[in-house]
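Novice: Here the protein sequences line up with chains A and B, keeping their order.
Residue 1 is where the first sequence starts when you use the numbering used here, and the numbers rise one by one after that.
Residue 1001 is where the second sequence starts when you use the numbering used here, and the numbers rise one by one after that.
Simulated from the structure, these hints should not be mistaken for laboratory data.
In this text, all values refer to a predicted model and were calculated from it rather than measured experimentally.
The beta carbon of each residue, even a glycine, is placed where N, CA and C say it ideally should be.
Be aware that a few hints might be false.
Chain A stretches covered by chain B per the calculated footprint, using a threshold of three residues with CB under 8 Å from any CB of chain B [unchecked claim]:
id, segment
1, 156-165
2, 179-189
Facing chain B, a subset of chain A residues (Cβ under 8 Å, in silico) [said to hold, decoys possible]:
id, residue
3, Ala27
4, Pro30
5, Phe65
Here are the chains, one letter per residue:
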Amino acid sequence: MPSLAMLLDLLHGAGITVIVSGLAILAGVPLGLALAAGRTGQAPLIRSACALYSSFVRAVPVVTFVLLIYFGLPRLGFALNPLPAAILALVLNTAAFNSEIWRAAIRDFPSGQLEAARAFGMTRRVAFWRIVFPQIWRASLPTLVNEMTLLVKASPAIAVIGVVELTRKTRQISAVTYEALPPLVLAAIIYGALLALLVAGARWLEHRLTRHLRTA
Amino acid sequence: MNLRLDIIWQEAPQFAAGLGNTVWMCAVATVLSLLFGMLMLPPLISKNAYLSRAARWLVDAGRCIPFLLLTYLVYFGLPSFGVVLDKWWAGLGTLVLYNTAYMAEILRAGWVQLPAGQTESARALGYHGFALVHRIILPQVLISVGPVIGNQMIQLIKDSAFLSIITVPELTYAANAVQSYYFVPFESFLVATLLYWVLCGGVENLVRRGERAAALVRRGHG
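Start from the sequences, fold in the hints, and give me the full structure.
Specialist: Laid out in structure tokens, this is it:
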């Protein structure tokens, strides 16, 4: 039967899910922007490298990617503990998806505005941060949030290298109670609440960011 | 660093078997979840508010759960109700169940974009319920959402790697088995990820061809 102790135990797992996903989002969104900048930039080598990275990482299952990072990196000379390896894998994964979102936003940006900014004497860098970024950031937010929900749903993949997040916690609990169902159902509800919270928060932020665009 | 690709080559049959299992399970699951998604479409767009709300709730709930958690619910949770599935049925069943919710939602989104006149005139001609969906709506919706279904299939292929956790011998499981026996994790997982890349690239390629064919069909009728 579900008990308070079980709920607290699961919330502990949920905390790990939130921290890991949160860190992956915090690092993955700017990294995605950097990748998109590389892909839309002028150096051909960097362009193809960023395109190759994005294509590869987006086609690989998160589980397999986590295993590659955790077990594979030591061969390249640096070993990571499970938790940092898990965060690194999720950052690298979500950055690839975010780069596609940023790239689409940059591609669809009206070129007239950029030309006007350049005509006013802004360098490419200044034009990007003053003119392009404030607009694509608002336009991309809903799609970025969609990717964040996908990341939270992919985060149980880090259980394969022993990080005890919400989904793995359910197995630990059943190993003690011999009841599989109650923790699983509670965990499903917690995931639902987490995602609902994320989406609601994003709506609120979007509402605030576009306040000046609405006429009272 | 020298890559032990000789070991990978020696274990190629195991990788091939894993890849084979991934391919057939994902192909079957895509077809079945698309079929079940079609069955979910009439209740989703029904005029009966209770029916459409119940279907809506089911689809939304399904899309909130991580794939691995649903796998656990099916594999470890269903026995509480006396339903015991082996890893194969549990794996395939979870793939189908999980993606049915997404397919239903994709089809509904396609239906929303369909001009309302299509449904109205079909109703005026006496079509309703399943006949309306199956004869008038679905053929048009399927053509327009083809690429999205292709993307969902790629998602499905990637989710199938979670099944290695309940020991379904698919590609990731095979890679893990080889790496733990010979201790060649880097080579083993690198080959597995490259195979997934090729597989998903193949699906993407198929989708692009299908899109071109669909454009021809539309031009032919337009």
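Novice: Would you list, in rising numerical order, the hints stated earlier that this structure does not obey?
Specialist: Violated hints (numbers, rising): 3 and 4; every other hint is consistent with the structure.
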